[in-house]
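Given the sequences, and given the hints that come with them, work out the whole structure.
Chains as they are written, first to last, in the working numbering: chain A, 1 to 399; chain B, 400 to 798; chain C, 799 to 927; chain D, 928 to 1056.
Don't read these hints as lab results, they were simulated from the structure. Any given hint could turn out to be false.
Unchecked claim - Below, a sample of chain B positions facing chain A; criterion: calculated Cβ distance under 7 Å: (1) Asp410; (2) Ser440; (3) Ser475; (4) Gly476; (5) Thr478; (6) Gln515; (7) Lys613; (8) Ala647.
We put the beta carbon where it would ideally sit given N, CA and C, even for glycine.
Each chain is listed here by its residues.
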Amino acid sequence: MNDKHETIYLDYAATTPVDERVVRCMVDCLGPDACFANPASSSHAPGREARNRVERARREVAALLGAKPPEIIWTSGATESDNLAIKGAARFHADRGRHIVTSRTEHKAVLDTCRQLEKEGWQITYVTPGEGGIVSAAEIEPALRPDTVLVSVMFVNNEIGTVNDLAPIGELCRERGVLFHVDAAQAAGKLPVNVDALGADLLSVSAHKAYGPKGVGALYLRGSPKSRLEPMIHGGGHEWGMRSGTLATHQIVGMGEAFRLAAAEQPAEAERLASLRDRLWAGLSGLGGVHLNGDPARRVPGILNVSFEGVEGESLLFALRELAVSSGSACTSASREASYVLRALGRDDQLAQSSLRLSIGRYSTREEVDRAVGLVRAQVERLREISPRDDDESTKGAA
Amino acid sequence: MNDKHETIYLDYAATTPVDERVVRCMVDCLGPDACFANPASSSHAPGREARNRVERARREVAALLGAKPPEIIWTSGATESDNLAIKGAARFHADRGRHIVTSRTEHKAVLDTCRQLEKEGWQITYVTPGEGGIVSAAEIEPALRPDTVLVSVMFVNNEIGTVNDLAPIGELCRERGVLFHVDAAQAAGKLPVNVDALGADLLSVSAHKAYGPKGVGALYLRGSPKSRLEPMIHGGGHEWGMRSGTLATHQIVGMGEAFRLAAAEQPAEAERLASLRDRLWAGLSGLGGVHLNGDPARRVPGILNVSFEGVEGESLLFALRELAVSSGSACTSASREASYVLRALGRDDQLAQSSLRLSIGRYSTREEVDRAVGLVRAQVERLREISPRDDDESTKGAA
Amino acid sequence: MSLHAGLPEYSSEVRRRFERAPRLGHLAGKLPGRVSGAAGDVRQGVRVVFEARLAEGRVAQCRFRAYGCPHVIAAASWVAEHAEGRRVDPAWPDVHQLARLLQVPPHKLGSLLVVQDAFRACMAAPREA
Amino acid sequence: MSLHAGLPEYSSEVRRRFERAPRLGHLAGKLPGRVSGAAGDVRQGVRVVFEARLAEGRVAQCRFRAYGCPHVIAAASWVAEHAEGRRVDPAWPDVHQLARLLQVPPHKLGSLLVVQDAFRACMAAPREA
Ligand SMILES: Cc1ncc(COP(=O)(O)O)c(C=O)c1O
Ligand SMILES: Cc1ncc(COP(=O)(O)O)c(C=O)c1O
Chain A
1 MNDKHETIYL DYAATTPVDE RVVRCMVDCL GPDACFANPA SSSHAPGREA RNRVERARRE
61 VAALLGAKPP EIIWTSGATE SDNLAIKGAA RFHADRGRHI VTSRTEHKAV LDTCRQLEKE
121 GWQITYVTPG EGGIVSAAEI EPALRPDTVL VSVMFVNNEI GTVNDLAPIG ELCRERGVLF
181 HVDAAQAAGK LPVNVDALGA DLLSVSAHKA YGPKGVGALY LRGSPKSRLE PMIHGGGHEW
241 GMRSGTLATH QIVGMGEAFR LAAAEQPAEA ERLASLRDRL WAGLSGLGGV HLNGDPARRV
301 PGILNVSFEG VEGESLLFAL RELAVSSGSA CTSASREASY VLRALGRDDQ LAQSSLRLSI
361 GRYSTREEVD RAVGLVRAQV ERLREISPRD DDESTKGAA
Chain B
400 MNDKHETIYL DYAATTPVDE RVVRCMVDCL GPDACFANPA SSSHAPGREA RNRVERARRE
460 VAALLGAKPP EIIWTSGATE SDNLAIKGAA RFHADRGRHI VTSRTEHKAV LDTCRQLEKE
520 GWQITYVTPG EGGIVSAAEI EPALRPDTVL VSVMFVNNEI GTVNDLAPIG ELCRERGVLF
580 HVDAAQAAGK LPVNVDALGA DLLSVSAHKA YGPKGVGALY LRGSPKSRLE PMIHGGGHEW
640 GMRSGTLATH QIVGMGEAFR LAAAEQPAEA ERLASLRDRL WAGLSGLGGV HLNGDPARRV
700 PGILNVSFEG VEGESLLFAL RELAVSSGSA CTSASREASY VLRALGRDDQ LAQSSLRLSI
760 GRYSTREEVD RAVGLVRAQV ERLREISPRD DDESTKGAA
Chain C
799 MSLHAGLPEY SSEVRRRFER APRLGHLAGK LPGRVSGAAG DVRQGVRVVF EARLAEGRVA
859 QCRFRAYGCP HVIAAASWVA EHAEGRRVDP AWPDVHQLAR LLQVPPHKLG SLLVVQDAFR
919 ACMAAPREA
Chain D
928 MSLHAGLPEY SSEVRRRFER APRLGHLAGK LPGRVSGAAG DVRQGVRVVF EARLAEGRVA
988 QCRFRAYGCP HVIAAASWVA EHAEGRRVDP AWPDVHQLAR LLQVPPHKLG SLLVVQDAFR
1048 ACMAAPREA
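In structure tokens, the structure reads:
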């Protein structure tokens, strides 16, 4: 085995390649003979053509989410969308209360933003998800207070692929007059997303999780531009004053096309991926001592997060370097830190530390899955052989 | 004349097309067979390859500015860079003082950011530029106070193309222990930019003003990552915690290549553009009643801002719709508002309102310049014919 | 600067009149019955001048000059052309009618008022002998 | 999750030992002079077990098993191999020497200590009769 072997890409949850059809639309907005003008240059025809393409993309993104076009605000990605949603709503509605509810298993873009608001005087309740890592109204309701202004819960968890039970949370928020933000970065294009069905007031999406380009995303804001947020980035008043900066035509057009394709192809693709995923899981679980992390039923088709008994995480990752996968542990820091998501799920340290996230997508094939299964089985077996047995010398836990 | 005629693009200061060589580098980071992985995915080889390309680009951008690579922080463009520089420094150093000095002719990304800080309790002094629109130490020095923490002055003005006299301002700031931010969005790649020669502590650049893609920029921060800013976007701790969010490999790589090309080609290109610009000015000024806005000598080669006596701005723009140019007035608002930059320069309303910014660049040709001159001359003459003479009916000013 | 510097959509009537400017100019020579009137200020972005020859209570001829946006130029041209043959009517033209005919956006009504004022001033002006 | 989940660079020595794991295993059968010792805890991410046969104050044979990162596996393998033929020495191996030889990054010294502890425990253990 050497590093020059062709890598099997099983990290679609980290990022996806850009679909070639999307690449073509993007290139159409770049070069000197393309639609490169500034969409803000309304004084000339090339600028207006760029603006038209931006607005068409806005309609595509709105359509995928069941939203109206002016409710879509372009951002640089879901990290910015999450920041803008949470800080923007918190600061805009600061006079109504300074309490926010979220979950312990959110993405860092939500958690770090909440930590920042804590420094600025907000109070945050971080609820622990229920069975199988699912966040539902049962966890959120007890955390609500009269001064709660915002609830933020992700749609699909990026580490374990579980699908939270959002509609009842949306309903609850509506009843209590609390804003509801959904981080849908891992959901858009993977399963049906409808802002009304979810009861979402704010919803973050990113292009690069759905075969669009990195560095562009959107925030859905219900009722925009009449409803408002405190902007984070000032200067020129683009996007109804809520997000200034030159609009990146090719990025936005790429996101629009990616979301259009996702809308058209999602149902068939979800089926194909679910069956590939099942094949992958069947192959891995055959090893024995393999645990699926997160609810086995409420999940997106593309993501499997598994823990292996008796193998150490860093060695596993290195042994599997022909696979591009993510690990549930942080190896570069002094003390290896297991994923906060798996810890919130109650996984013990050994299992949390030896977890892998395998995520498949549009270009994954059955052959790749089969090769991956063969590799994982061989390497897990080898590492288990290297490992001391429980009955080796004194007891397992002794120093 | 109809709108389907090929437009002559004379709006390089609004945005530039992406150089085809840059497009190729970008496409190399997009599709399923390209370097598409997440640069944060250090657990696998494709992720590390993406990271390598990001770091190579960081070195290219640093090189163009005379900076060290860790002093370059990726952003979504100069608007975000300006926001991060000014808010980030102001908030980080709030305990040292809450006074900022800037100029009335800055870009909105600076002015609107300063307005926001005013709402949050900072005091801002907006100095009026000197002769010809040039901001120099003579304007800045009297505005400094013991509680001044930051001075922000642009390198090249985006409307009139003048080059401010920054090095003495940098020296002054150094002496007084005040941070110096430079918005170099219109300078990078157009003239030599060296952070040490300028004495800049913070410097904003954007890719799309220099034949790179829209939606990516950088902030130079002297001494980073040891010196710090208060981040605006939280979540995951990318860019030494100062700017979170998935790094957009193709965008960053595009910016790196664009800046590399700019460094290699700038001197020769500046000469070519200066001579084209002189040809353009000679052609226009031949009309009579044409005024150059801004200092005639201290300017970048690519930008001409001219005011026409006796023609109204909107009609001029419409008559010249075969040219993609920017206007110095805002026609869509109820009352036509003349450019705040030209007003700060003391231009009277009629001249401010009938100004055009013509900006040329890498793909501009002599033929285009000659056609543009012909068109402007014909249309200005025609509109002047339509216009009442000074001696038509009563006096010019009567109602 | 470009952000708000957009051009509105112009109707084909506005485009045509902007390009060709029918009824642009002066009434030449010494003309009995000639009147003229103006309104607006170049410094405010609109100035319109009309000249007309009145005969038997009607407008026999009318010419305009205008400094302003394409809507202003088109409206002045339209007024000059349609005035010819009309009875002198202190209530004509009407800005709202002009706006409808030329599809002028509401925020431009102020500019059309200058056209109306100039024409009415012209009608009310003392005639040359 | 992927942000900090990077793999360090491994030296070629570490790679080779991780792949082939020389001296992995047990000493088979009933052996006079056999000693064994262990250190670490799987729950903390590192556990190492050594077995050796001592004869005439020297290590005649040595085998290891390890749960840990590639550096730990490589270090245990190196120690087992280089122990053979050595005099029993309570001060051997030394983590800093191991770190240098295998090019182990400083934050991994703690894991190497477990390897050292396990080997020293083995040397100090009572011999089988
Ligand atoms: C659930 C979730 N939220 C937010 C983000 C951040 O999005 P982006 O990479 O567009 O900044 C990601 C992915 O990185 C994600 O998986
Ligand atoms: C001087 C100046 N600063 C800042 C900006 C904003 O940069 P960006 O378009 O990358 O947001 C621009 C251009 O729009 C500019 O000309």
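Each hint tested on the structure:
For the restraint placing aspartate 410 of chain B at the interface with chain A, the shortest Cβ-Cβ distance is roughly 6 Å, inside the 7 Å limit, so the hint holds. Taking 7 Å as the C-beta cut-off, the interface hint given for serine 440 of chain B holds, the closest approach to chain A being about 5 Å. For serine 475 of chain B, the suggested interface contact is upheld, since its CB lies about 4 Å from the closest CB of chain A, less than 7 Å. Contact between glycine 476 of chain B and chain A, as hinted, is supported at the beta carbon level, the nearest pair being about 5 Å apart and thus within 7 Å.
The criterion of a C-beta within 7 Å of any C-beta in chain A is met by threonine 478 of chain B, whose closest approach is roughly 4 Å, and the hint holds. Interface hint status for glutamine 515 of chain B: upheld, as the beta-carbon distance to the closest one in chain A is roughly 5 Å, under 7 Å. For lysine 613 of chain B, the shortest C-beta to C-beta distance to chain A is roughly 4 Å, which falls under 7 Å, so the interface hint holds. Satisfaction of the interface hint for alanine 647 of chain B is found here, the shortest Cβ-Cβ separation to chain A being roughly 3 Å, below the 7 Å cut-off.
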